[in-house]
Amino acid sequence: MKRLGSATIIRDGRVIDPANKRDETADLYIADGKVVGSKSEIKNAKSEIEEIDAKGVIVAPGLIDMHVHLREPGFSHKETIESGARAAAAGGFTTIVCMPNTSPVPDNPSTIAWIKDRASAIAPVNVLPTGAISKNLAGEELAPIGSLAQAGIVAITDDGHCIQNHEVMRRAVEYARMVGVPILDHCQDYNLVGNGVVHEGYWSTLLGLPGWPAAGEEAIVMRDILLAELCDHYIHCQHVSTAGSVRLIREARSRGVKISGEVCPHHIALTDEAIQNFDTNYKVNPPLRSQQDVDALLDGIADGTLSILCSDHAPHADFEKEVEFDIAPFGIIGLETELGLFMDLLVHKHRRIDIARLIEMYTVEPARLLKIHAGTLSIGARADMTLIDPELEWIVRLDQFESASRNSPFNGWKLRGRAVRTIVAGKTVWKL
Amino acid sequence: MNVTTRWTRKDLVGLRELTADEINFVLETADAFKQVGTREIKKVPALRGKTLVNFFVEPSTRTRTSFELAAFRLSADVINISATTSSLTKGETLKDTARNLEALHADILVLRHSSAGAPQFLANRLKASVINAGDGAHEHPTQALLDLYTIRERRGKVAGLHVAIIGDILFSRVARSNIFGLLKLGAHVTLVGPSTLVPREFEKLGVEVSYKIEDVLPKADVVNLLRIQHERQRREYFPGISEYIRLFGLTKERAKLLKPDCLIMHPGPINRGVEIDSEVADGLQSVILDQVTNGLAVRMAVLYLCGGIAT
Chain B
15 MKRLGSATII RDGRVIDPAN KRDETADLYI ADGKVVGSKS EIKNAKSEIE
65 EIDAKGVIVA PGLIDMHVHL REPGFSHKET IESGARAAAA GGFTTIVCMP
115 NTSPVPDNPS TIAWIKDRAS AIAPVNVLPT GAISKNLAGE ELAPIGSLAQ
165 AGIVAITDDG HCIQNHEVMR RAVEYARMVG VPILDHCQDY NLVGNGVVHE
215 GYWSTLLGLP GWPAAGEEAI VMRDILLAEL CDHYIHCQHV STAGSVRLIR
265 EARSRGVKIS GEVCPHHIAL TDEAIQNFDT NYKVNPPLRS QQDVDALLDG
315 IADGTLSILC SDHAPHADFE KEVEFDIAPF GIIGLETELG LFMDLLVHKH
365 RRIDIARLIE MYTVEPARLL KIHAGTLSIG ARADMTLIDP ELEWIVRLDQ
415 FESASRNSPF NGWKLRGRAV RTIVAGKTVW KL
Chain E
7 MNVTTRWTRK DLVGLRELTA DEINFVLETA DAFKQVGTRE IKKVPALRGK
57 TLVNFFVEPS TRTRTSFELA AFRLSADVIN ISATTSSLTK GETLKDTARN
107 LEALHADILV LRHSSAGAPQ FLANRLKASV INAGDGAHEH PTQALLDLYT
157 IRERRGKVAG LHVAIIGDIL FSRVARSNIF GLLKLGAHVT LVGPSTLVPR
207 EFEKLGVEVS YKIEDVLPKA DVVNLLRIQH ERQRREYFPG ISEYIRLFGL
257 TKERAKLLKP DCLIMHPGPI NRGVEIDSEV ADGLQSVILD QVTNGLAVRM
307 AVLYLCGGIA T
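Which chain is which? The protein sequence lines are B and E, in order. First residue of the first sequence: 15, per the numbering used here; consecutive thereafter. First residue of the second sequence: 7, per the numbering used here; consecutive thereafter.
I should point out that these hints are in silico values taken from the structure, not numbers from a laboratory. The beta-carbon is built from N, C-alpha and C at its ideal position, and this holds for glycine as well. Some hints could be false.
[Claimed, not checked] For the chain B half of the interface with chain E, some residues (derived, Cβ under 7 Å), not all of them:
| # | residue |
| --- | --- |
| 1 | Tyr-216 |
| 2 | Thr-219 |
| 3 | Gly-222 |
| 4 | Leu-223 |
| 5 | Glu-336 |
| 6 | Glu-338 |
| 7 | Phe-339 |
| 8 | Asp-340 |
[Stated by the list, open to error] Over 12 Å on every C-beta distance to chain B, these chain E residues come out as not near it, computed from the model:
| # | residue |
| --- | --- |
| 9 | Thr-35 |
| 10 | Thr-67 |
| 11 | Ile-87 |
| 12 | Arg-158 |
| 13 | Ile-247 |
| 14 | Cys-268 |
All chains, please: the whole structure from these sequences, using the hints.
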């Protein structure tokens with residue numbers, strides 16, 4: 015990397031750095047890929063000084079999406095580390111955490127090493143891998159979690175799968191505590207959910223599609239709360255979608271249990287009513303829920319019960335999605351729409367949180383859970399930054415996406431707020 | 007009113023999207039076609055030169071035969087394709103198979119499929135007419151139309167009648183299409199069956215739900231019995247056939263609770279001695295075979311109307 019010697023001044027932006035409780039109009043200085051305190055420190059830089067005018071724009075710590083499927087190795091017809099990382103940059107993300115349902119599964123240190131090597135060679139943003147909890151994501155035997163941690167994972171998860179055996183999960187949590195990595199859980203009770211493809215309720219009844227009941231998520235959220243308490247370790251519930259899950263997590267957090275939850279934009283932007291034309295771009299796991307669930311998620315975001323925002327970016331090729339509803343794969347891409355959707359819905363439309371909290375949920379919160387050095391503009395920190403125009407109105411155009419896939423229900427949506435520039439280690443990797 | 011103002015659809019994917027007027031128009035059109043079946047030469051040239059494909063991804067004999075005969079009587083050319091003879095078994099997608107059929111200038115595609123929404127999926131992508139012959143647990147519109155036709159023929163109207171649909175509602179496309187059609191034409195609908203197969207959620211569709219068949223039979227003007235199966239995927243839904251008969255079977259004893267003019271219907275194939283007693287199935291109140299005959303006329307009407315829209 016030719017970062018050494020570069021210097022940048024970002025002028026007159028509204029600097030929002032929740033880690034330092036900072037929200038003010040100021041200039042920011044970057045030298046040698048790091049945030050520095052004053053202009054004098056960049057005068058020593060050997061190269062020209064780049065100036066970026068950030069008037070009217072928010073300068074935030076680089077955003078983190080801790081739930082992304084990059085599909086590589088194994089499914090590069092859906093997405094690659096390169097295309098997914100480019101999509102992340104275009105969405106305003108400087109760090110992404112990739113899920114282990116690839117082929118081979120990263121349940122061994124060499125697959126982790128391969129992902130890291132590939133990412134450092136071609137990805138414009140930081141790519142942090144997760145490791146599998148169980149060998150081959152089968153939910154039976156523990157993966158070598160300690161070796162995976164040494165290879166550089168930031169968390170363990172069987173995402174896309176859910177360990178059904180509570181004893182196996184209990185031992186995984188205990189072991190992960192020793193190793194020092196959090197657990198991310200895709201909460202789904204296989205018996206209760208069966209072959210369900212849409213939220214069990216009015217629309218599943220009307221359309222005759224197999225129902226995926228809310229209790230199928232809540233039973234595992236409850237299990238995870240009990241195990242987080244029993245083992246005194248961090249379990250993070252992925253893509254929380256139901257009112258009951260919010261209630262359970264709120265109660266547990268009030269007692270200090272090490273449980274947390276994340277929200278995906280589609281679960282607050284849409285309800286199960288959207289499935290009525292059998293469009294598979296609305297087929298996602300967990301499914302789009304009822305309006306009461308959406309309202310509960312919004313309450314959970316507002317009161318801090320749900321502390322992290324993410325996309326669950328799940329690319330699939332068009333020929334895989336262009337099939338009968340019940341046999342189509344679950345998933346929606348999200349890296350290039352999530353910031354716009356969350357700003358539009360949470361900050362502008364429903365006014366449930368302010369922009370500083372939104373940035374905090376994308377930076378400080380995931381960085382704390384994953385124990386990574388990111389998500390702050392502190393002096394000396396790596397200069398990862400996202401410049402956001404909170405008022406910019408734009409229209410989602412799937413044909414302009416960097417992602418290799420197009421499976422999104424949001425084409426044509428008019429949104430307010432988007433990233434206008436993404437900076438990784440002082441270098442602009444994407445700008446509008 | 008003429009055809010062009012009362013019918014503008016190239017496809018029939020369900021009764022949910024039809025208006026009462028459109029349903030009535032199909033039934034009136036079927037009246038005319040019913041007479042054709044009583045003539046010495048049971049054939050009209052309405053669809054001469056048109057090609058109809060019976061595309062049955064899920065097996066069926068009676069529905070396929072009924073569509074095939076309906077098409078013959080309208081002078082269409084018919085080919086039958088089943089899941090085992092199609093390229094779906096070679097990994098071709100449903101969309102590609104259907105587009106290939108369209109490239110062979112098929113005008114009407116009659117689709118039976120195990121996935122809810124499959125006919126809608128094809129209707130959105132093809133210029134040809136798509137007729138739903140049953141999709142998963144979603145809809146079976148021609149079955150409901152022939153049920154409505156039979157009720158209207160026997161009782162002179164549908165509005166105001168009390169119709170009980172009894173059995174496995176949750177997994178039944180016949181039940182859903184009947185619910186939509188009956189409600190649109192002004193009937194009162196009560197669903198009866200085990201709570202696992204008749205969840206309360208159905209009440210939101212505008213019907214009543216009852217778990218006590220004896221309460222429902224005396225006020226019914228029509229009972230429509232659905233086929234009960236106790237296959238592997240249903241084991242957790244109810245304990246077994248003998249308990250089902252004890253709680254919900256239309257036994258001879260229970261049939262005495264019915265009003266004398268109450269119609270007994272069944273979409274077939276019937277399980278004698280399970281959902282319906284054998285003698286009751288053959289009794290004077292049973293219109294089960296009339297349904298089969300009327301199915302032909304109704305399917306002729308549907309093919310004629312939709313086939314006339316697609317170009």
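Evaluation of the provided hints:
1. Tyr-216: holds, 5 Å
2. Thr-219: holds, 4 Å
3. Gly-222: Holds, because the Cβ-Cβ distance from B:Gly-222 to chain E comes to roughly 3 Å (cut-off 7 Å).
4. Leu-223: At 5 Å from the nearest chain E Cβ, B:Leu-223 passes the 7 Å test, so the hint holds.
5. Glu-336: It holds, given that the least Cβ distance between B:Glu-336 and chain E is near 6 Å, below 7 Å.
6. Glu-338: For B:Glu-338, the interface hint holds, since the closest Cβ of chain E sits about 4 Å away, which is under 7 Å.
7. Phe-339: With a minimum Cβ separation of about 5 Å from chain E (threshold 7 Å), the hint on B:Phe-339 holds.
8. Asp-340: At 5 Å from the nearest chain E Cβ, B:Asp-340 passes the 7 Å test, so the hint holds.
9. Thr-35: holds, 27 Å
10. Thr-67: holds, 22 Å
11. Ile-87: Holds: least Cβ distance 16 Å, greater than 12 Å.
12. Arg-158: Answer for E:Arg-158: holds, closest chain B Cβ roughly 25 Å.
13. Ile-247: holds, 22 Å
14. Cys-268: Correct as stated: the minimum Cβ-Cβ distance to chain B is 27 Å, above 12 Å.
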